[in-house]
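One-letter residues, chain by chain:
Protein chains: 2
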Amino acid sequence: MKHQNGSESQKDQPQLTPISKLGEFGLIDHLTKNFHPKHPTTVKGIGDDAAVIDNRGKLTVVSTDMLVEGIHFDFIYTPLKYLGYKSVVVNLSDIYAMNATPKQITVSIAVSSRFTVEALDEFYAGVAEACHFYNVDLVGGDTSSSHKGMIISITAIGEANPDELVYRSGAQEKDYICVSGNLGAAYLGLQILEREKRLYLEDPNIKPELDTFPYLVERQLKPEARNDIMDILRNAQIKPTAMIDVSDGLSSDILHICKQSNVGCRLFEENIPLHAQTAEAAQTFNLSPITCALNGGEDYELLFTIPPHQINQLEGVHGIGIIGRITHPKEHPTLFTSGGQTHRLIAQGWRHV
Amino acid sequence: MKHQNGSESQKDQPQLTPISKLGEFGLIDHLTKNFHPKHPTTVKGIGDDAAVIDNRGKLTVVSTDMLVEGIHFDFIYTPLKYLGYKSVVVNLSDIYAMNATPKQITVSIAVSSRFTVEALDEFYAGVAEACHFYNVDLVGGDTSSSHKGMIISITAIGEANPDELVYRSGAQEKDYICVSGNLGAAYLGLQILEREKRLYLEDPNIKPELDTFPYLVERQLKPEARNDIMDILRNAQIKPTAMIDVSDGLSSDILHICKQSNVGCRLFEENIPLHAQTAEAAQTFNLSPITCALNGGEDYELLFTIPPHQINQLEGVHGIGIIGRITHPKEHPTLFTSGGQTHRLIAQGWRHV
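These protein sequences, in sequence, are chains V and B. Here my numbering is used: the first residue of the first sequence is -15, the next is one more, and so on. Here my numbering is used: the first residue of the second sequence is -15, the next is one more, and so on.
Think of the hints as simulated: they come from the structure by calculation, not from any bench. Watch out, some of these pointers could steer you wrong.
[Said to hold, decoys possible] Think about it this way: if two alpha-carbon atoms lie no more than 30 Å apart in a straight line, the pair counts; the simulated BS3-like pairs of lysine-lysine are:
no., chain 1, residue 1, chain 2, residue 2
1, B, 5, V, 132
2, B, 181, V, 132
3, V, 132, B, 132
4, B, 206, B, 223
5, B, 22, V, 206
Modelling step: build the complete structure from the supplied sequences, incorporating the hints.
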């Protein structure tokens, strides 16, 4: 009865590869390397924020995400309503990162028997709030049982005109690298929540301290997608050459743009936008705020590149920072620190060069 | 730090409702009752085999499913490659059940650390085989960690012309009820696999007996979607008025059509198509084969209704059985047995009336 599955196969076969050896992006590349789109309507398959499907002119953009209890969220500090809201937002963020407009979502969940209908009502109340705020329709999904915990899978569907879509692959040498809002806040929000969780588990009578850095906690628990940025850029007559949303951290995400655009880049530490609370909280946790911005992730800000001749048009535009330049592909993606050092950017961090 | 979540909330609040009280379909209805599509492009939201989105004439059809290890599949007898294949097929079946053509899929998985890259390669080999056989493109997905086991979420995207789509809601009084292929085989295949699993767990040296009913085992492990049926019907110039794929069992699925079409129905036991192995294996397990057909599920055959004036066109069409008639909504959906009795059909079974 035994087949070549999971644990069963490990005793019989030598040279099996732990998934951790490839890492998340390596794993996706590995598993999907032999899949090549055959349909002319498949404009873009795997490899960007979302897939793109041609519908006689108008394009359909599709993105999907899976969230697992204990891996992506922790119920000790995550209200179910916020979880529903955030689950939708992180998917919509991928659609906005294509400069497309999300229109529909599907929501699938699996839950163990410890969840009540009232608990799921809370979750769906958050889903509904996000649908309302971002003007999208819930059009389908699936509910099923799980042995342990909650698993959420959301697919977002949007539309775009062909000439408006922005891929990760369009960055050109000399382009400016820009980012909306500020970075690292959600990561520090998570550190605060994890600290209070530890204190709570040691002594459930301790009142949690979440009021010192309310902005950071909110960025973690109830992030928003930047559906305003493309309007702002359109009004300034700026069209990004490449774009991605910052979900894995600035470092990983600029590397996605560099890899797919076949370019290098320079980021300048002093230009990376940080919220005042981010700088202050980083000190509390004895962390470098710039490391939080580079490696933290979950910011859901938009990271994009614009051609040099459009840079003057950014004057007077608030909430967008210019943080670097695109370079020749032979130049490794590099961080220039305020102290004059250079570090090579690597996925999930940086190392000395 | 406590919020109104899962287990945490149960002690504080009285009158919480276990999910089991609503059942799967009741739960979906409950959770989504306040979601109403706002976009004119959302042609059909929740409630059919798939959602329908208008793209200036051509329609996009979207369906999604989540599969959880230990709930929907068991690795003791499910080869990963078959699992990959089946995961795709069950989603495509929903698209075909709309009389649409699937074009793209996204595949998201979460796996625990016991899975190796080679194990996932096997899974994706099955995904690839299904993509090839059914001519669909893999266009996206997500991979993440789980604490326990494997969770799969697949979304299928198809297209259809507006005049070709078939919903669950179009059945009319006097329509004939038809089904492709035969029913109950996948359920009996599962019984065989479960029996061999028990024997294996008692004595791992016992050789599994899977050769007696190979058809049933294959129907369970490697089902196919009926992408041929609509071509067959089109050639016979028949257009179904309502259609659904048999995933939950004939009884549940005809009730979906009756509920959404606001009609009743009569099914005739002697006309329900059974494979010879289904009848024989049912005897082995001391089960009524008709109960397997009504309640078993996972057949992925197409169940549809056709207008009375088209019934003659079915002559000479192989592989489609006429199993009943649509009736006035006041008549409860009823099974007429070979012995002349009547049973009221209920979801997941039937009871005496």
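Hints violated by the structure (numbers, ascending) | Nothing - there is no hint that the structure violates, so all of them hold.
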